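J.: Going by the numbering used here, the first residue of the sequence shown is number 690, and it counts up by one from there.
Be aware that a few hints might be false.
[Unchecked claim] Pairwise CB distance ranges (calculated):
{"#": "1", "residue 1": "H744", "residue 2": "E966", "range": "34 to 42 Å"}
{"#": "2", "residue 1": "H992", "residue 2": "V763", "range": "44 to 52 Å"}
{"#": "3", "residue 1": "A942", "residue 2": "D915", "range": "21 to 29 Å"}
{"#": "4", "residue 1": "E919", "residue 2": "T857", "range": "17 to 25 Å"}
{"#": "5", "residue 1": "Y747", "residue 2": "L818", "range": "19 to 27 Å"}
{"#": "6", "residue 1": "L741", "residue 2": "G1015", "range": "35 to 43 Å"}
Source of the hints: derived by calculation from the structure; they are not laboratory data.
Keep in mind the model is a prediction, meaning the values are calculated, not measured.
Just so it is clear, CB atoms sit at the ideal spot from N, CA and C, and this is done for glycine as well.
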Amino acid sequence: MTDWTAIDDPVKRLHGFVSGFHATFYTYIGIECGLFEALVEPRTPDELASRLDLHEAYVRRFCEVGLRWGLLEVEPDEGIDQSNREAAERPGDRDRYAFRLCEPFVRPLADPDDAQYMGNLFRFAAVHLNEDYGNYPRYFRTGETRPFVDRGPAFTDVIEGTTRGLQTIFVEKLIPESLPAFDAQLARGGRLLDVGCGTGHLACRLCDQYSDLTVTGVDLDEDAVDRARERAIDAGVSDRTTFRVRDATTAAAEGTSPFDAAVLFMSQHEIDEDAREELFEVLDEALADDGVVAVFDEVYPAHPSAFDRSPFATGVETQWSELAWGNVVPTVSEQRDLLASAGRTERSRTTFADRFVVYEGVVDND
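Please work from the sequences and hints to get the whole structure.
T.: Here it is as structure tokens:
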């Protein structure tokens, strides 16, 4: 007979999945309504609702539920006797509690300018992935895909927001510490091909970091390329950047002079598998003899035992969330084969934040 006094582990785990769903949308609402930013300082629900022009009943429940997720903490009025439980629960006393965003979550949830800010990731999940997942049953039956290109300005906004902080870390920390050949090549100046340049944030940051560098950025998203051109003007590097609505293989083949380096930041897995191989074959001809290829991306496990281990687990989740886009996350061996197609050998490989891999390919002269 089943013991109904306890819930077994599989059911607990599944309830955890549902709990994570609620937590994702809770966090999205806190970001979208400005609640987390306002809760950097302690406020009562009444004060918070008035400040943000929101309904107090919703705001009160938001604050209380935040205690359940461990995102908020409570600061009772000094007049409440916390040693007396019954006194603390008298009617009206809960109106005297102020809530505050817990300090460790201020940067990722309340500071959009911080490199650790994750607000756009929750927007991406709650709005865009939510729409895709609703269509997955149909996609499973029809085999159709819905590519990520040209999904509109709101999608471009959120993708820019989710990658901007990572690109800052890539330029300021990972290149100098983990990609020595790529760093040295950029420091010498020359021409860089930015494959999947998006809105140009990475290209502009690289131009700012390396004063003699020129960048050609290519992307299939016309809106993103338009924004990249505007960003370069605002950053004062428009004379050192060129942005084109073009597939990378064509752009590399059309180059009038060799590129000294190429970078694929979170774009390698977004290129169709056949086109991906063709691109790297063309890079073999398009790069200078000492040209370097640098990649920041996710990686898929080659063996079932690695599906729940870092950094592969992130690649598995990305593969699932972008399945309807037609994207395919490569394995380590597939990444190395691509470098070999470009006449390059992997020089270094680093795991970042247990989620991403950063590596470079150079010509092996040995």
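J.: Could you work out which earlier hints the structure fails to respect and list their numbers in ascending sequence?
T.: The structure conflicts with hint 1 only, although it agrees with all the remaining ones.
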